[in-house]
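Each chain, written out:
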Amino acid sequence: MNPQSLANIWAIAKRETVSYFGSPVAYVFLVIFLLLTGFFTFTVGNFFERGEASLASFFTWHPWLYLVLVPAVGMRLWSEERRSGTIELLLTMPVNAWEAIFGKFLASWFFLAIGLALTFPVVLTVNWLGDPDNGQIFTGYLGSFFLAGAYLSIAGLTSALTRNQVVAFILAVVVCLFLILAGFNPVTDMLTRWANPAVIETVAAFSVMTHFDGFQKGVIDSRDLLFFLSVTGFALFATALVIRNRRS
Amino acid sequence: MIRIENLTKTFGRNTVVDNLSFNVERGEVLGFLGPNGAGKSTTMRMITGFLPPTFGRVSVGGHYVVSEPLAAKRLIGYLPESAASYGDMTVNGFLSFVAELRGISGDARKRAVNRVVDLCFLENVLYQSIDTLSKGYRHRTCLAQALIHDPEVLIMDEPTDGLDPNQKHEVRNLIREMGKTKAVIFSTHILEEVDAACTRAIIIDRGRIVANGTPGELKAMSEAAGAVTLAARGVDAALVANKLGELPDVARCEAIPAAGPDAVRAYPRDKTAAPLLARAVIEMAERENWRIEQLRTEEGQLDEVFRKLTLPDTVKK
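Residue numbers (this note's numbering), protein chains in the order written: chain Z, 1 to 248; chain X, 1 to 317.
With the rest of the complex left out, here is chain Z (with noise of 0.2 Å):
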């Protein structure tokens, strides 16, 4: 990569993550997502009745609440970059493409990060009243962060789109709930009783549940690190070939 791509990724980052703290979104989000957190944890999750010194009740809950909240995080990417018309500013910058979509998934995966840290009370909590394995707590939150930027990287790309952002957020929660329902135990316990158990296995292989369980454990297994890659990687360059076709 050389220097000029380097330069041109951090200013995008850059006006992306300045942009986010400029509207109310950021801060919407921020709250909503730190309360929804605390709720699931401490009431739904029954943190103090579990007499456990674990974030469990805590991680359990990521997939299903970035379901919600990740997309409303990309939906706005490009779709309204689409609407607003700078989508053509930005291509006829002395840019590639692949920089522009590198930069900003950085930004609002910086930004989820940030939302993310925010939740440290949780970790100070657990820590106050026993004595958690922070291993196991770091390894929750390495997964955390990887599930939240496949699911990014997938609303990006239903992002890029549409220049509806309603329609990108929609898209991206499908698409994200999918991921979710393929390796999610009920679903997957229902699917045995008519499919054969290999292909259900197949199937869950491409499940994010699978893989978030393993982080966890406390366990970096470099599949599980691979998938989120993987899954990551692919929804990008699949951005980058819809913003090559679809430019007007």
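Bear in mind the hints are in silico, worked out from the structure with no lab data behind them.
Predicted model only: the values in this text are computed from it and were never measured.
Glycine included, each C-beta is placed from N, C-alpha and C at the ideal position.
A portion of the hints provided could be inaccurate.
What the hints assert, rightly or not - If we take Cβ atoms under 10 Å as the criterion, some of the chain Z residues that face chain X in the derived model are:
#1 Q4
#2 G22
#3 V44
#4 N46
#5 R50
#6 G85
#7 E88
To be verified - Heads up, incomplete: computed chain X residues facing chain Z, CB under 10 Å, no partners named:
#8 T48
#9 L70
#10 C142
#11 L276
Got chain Z sorted already, so can you dock chain X onto it with the hints?
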């Protein structure tokens, strides 16, 4: 600087740009005229590398836009039709961002921003967010971003659209000034701008070039070009028309009430003989003792040429 060869763009079965070829050199300002939907914006989008051509190619400064997009784009400053900009940024932030993408850094960036802020009169709104600006300011902000790297090639899609008459005047002057050292293409609906700013104009209709020449050459295509208009005090237009009709160089005469109650226009048989016609008309006036109130040789009118070339055939008849 800009070479366009057989440029064609089709959307589905619709051919929007049809086999365009022309060149623009440094020091030229090319006015790009045509009715709405003639393919002006699509052509400009292909020159700037936003849309890939269906067929044909464009090179800018020797770099083919499709195969060496970055090298070509570096040379181009582009003002898109929508004059889009990031509404949530301040003018200063937006221009700095564009300068950054253009690879201008450090002190040079500040100087570049200051230069275009002066050029486009944006001092007063430098720290306002673009969303809050009036249309004229937004337009000039986008114009400023096109100029920020002092490009060798300037492509502007309707640069005076939405500006007030004073701002239009400033922008035309700016274009003319830029045209001395750069290759400039701009599209417009306003035909006076061709006279005011262009060294050459192309009229396109339904994706094809229907006229290509200097403003003078285009005007000469007008029916009235080379005709002599005469008004004589107290002499009836019909009488004047009759007398002028006797001149050997005059093809026909007609009264032009729009130019004055007694104004008569004599059309030459041969447009190239226009100066002779004027002399013959003056001699006739002296012989007849008419008191001349008005006498001029018509240059021809661009709007007439434009209409003649771009109206659908059914309307022309």
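Structure versus earlier hints - violations, ascending order: 3, 4, 5, 11
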